[in-house]
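*Asks:* Sequence:
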Amino acid sequence: MSAPVILTIRRDFAASPERVFDAWLDPAQARRFLFATPEGEMRTVEIDARVGGTARIVERRTQGDAVHRLRFEVIDRPARLVFLFAADPAAESDWTRVSIDIVPAPGGCTLTLTHEMDPQWAAYEDQTRGGWTMILDSLARITE
Numbered sequence: 014m015s016a017p018v019i020l021t022i023r024r025d026f027a028a029s030p031e032r033v034f035d036a037w038l039d040p041a042q043a044r045r046f047l048f049a050t051p052e053g054e055m056r057t058v059e060i061d062a063r064v065g066g067t068a069r070i071v072e073r074r075t076q077g078d079a080v081h082r083l084r085f086e087v088i089d090r091p092a093r094l095v096f097l098f099a100a101d102p103a104a105e106s107d108w109t110r111v112s113i114d115i116v117p118a119p120g121g122c123t124l125t126l127t128h129e130m131d132p133q134w135a136a137y138e139d140q141t142r143g144g145w146t147m148i149l150d151s152l153a154r155i156t157e
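The sequence shown begins at 14 in our numbering and counts up by one.
Hints are computed from structural coordinates only; laboratory data are not their basis.
Note that CB positions come from ideal geometry on N, CA and C, so glycine has one too.
Relax, there's no trap hidden among the hints.
Label-pair distances were calculated between CB atoms; the ranges are: (1) 119 x 73: 37 to 45 Å; (2) 61 x 150: 21 to 29 Å; (3) 147 x 114: 15 to 23 Å; (4) 74 x 131: 19 to 27 Å; (5) 35 x 69: 16 to 24 Å; (6) 90 x 67: 13 to 21 Å; (7) 77 x 117: 36 to 44 Å; (8) 74 x 118: 30 to 38 Å; (9) 21 x 56: 29 to 37 Å; (10) 139 x 52: 14 to 22 Å; (11) 155 x 116: 18 to 26 Å; (12) 31 x 61: 17 to 25 Å; (13) 31 x 77: 33 to 41 Å; (14) 29 x 132: 36 to 44 Å.
Required output: the full structure, derived from the provided sequences and hints.
*Replies:* What follows is the structure, encoded as structure tokens:
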């Protein structure tokens with residue numbers, strides 16, 4: 014059995030931990046950065062922001078709808094958010110885990126995103142890292 018693929022991305026924000034944390038759970042803000050691409054059109058952003066709650070985010074892209082599903086495991090405002098994550102083409106049972114840790118820093122906060130993926134998704138490692146980097150860059154634009 015292969016070891017899981019673990020991606021870690023760290024980014025500083027010139028915004029409070031509360032502002033950065035809240036953006037992940039507010040549909041109006043999430044639609045502006047969470048899985049949003051420059052060429053896409055956000056169609057659906059549904060977020061049930063509670064432990065055990067789910068989120069469904071659908072963006073229309075040139076190759077078709079991109080569907081992203083989340084199931085919240087930890088919501089500890091403003092320090093930690095953990096959710097199970099699946100995106101097409103993953104099946105409903107092929108969840109991966111994303112942990113977001115936010116700590117205060119001079120002038121704002123530092124966010125560390127850790128994405129744990131089953132080895133079957135190893136071929137998507139670079140694409141996944143690029144996607145999260147784009148998401149965090151977009152999050153910075155709307156919170157700073």
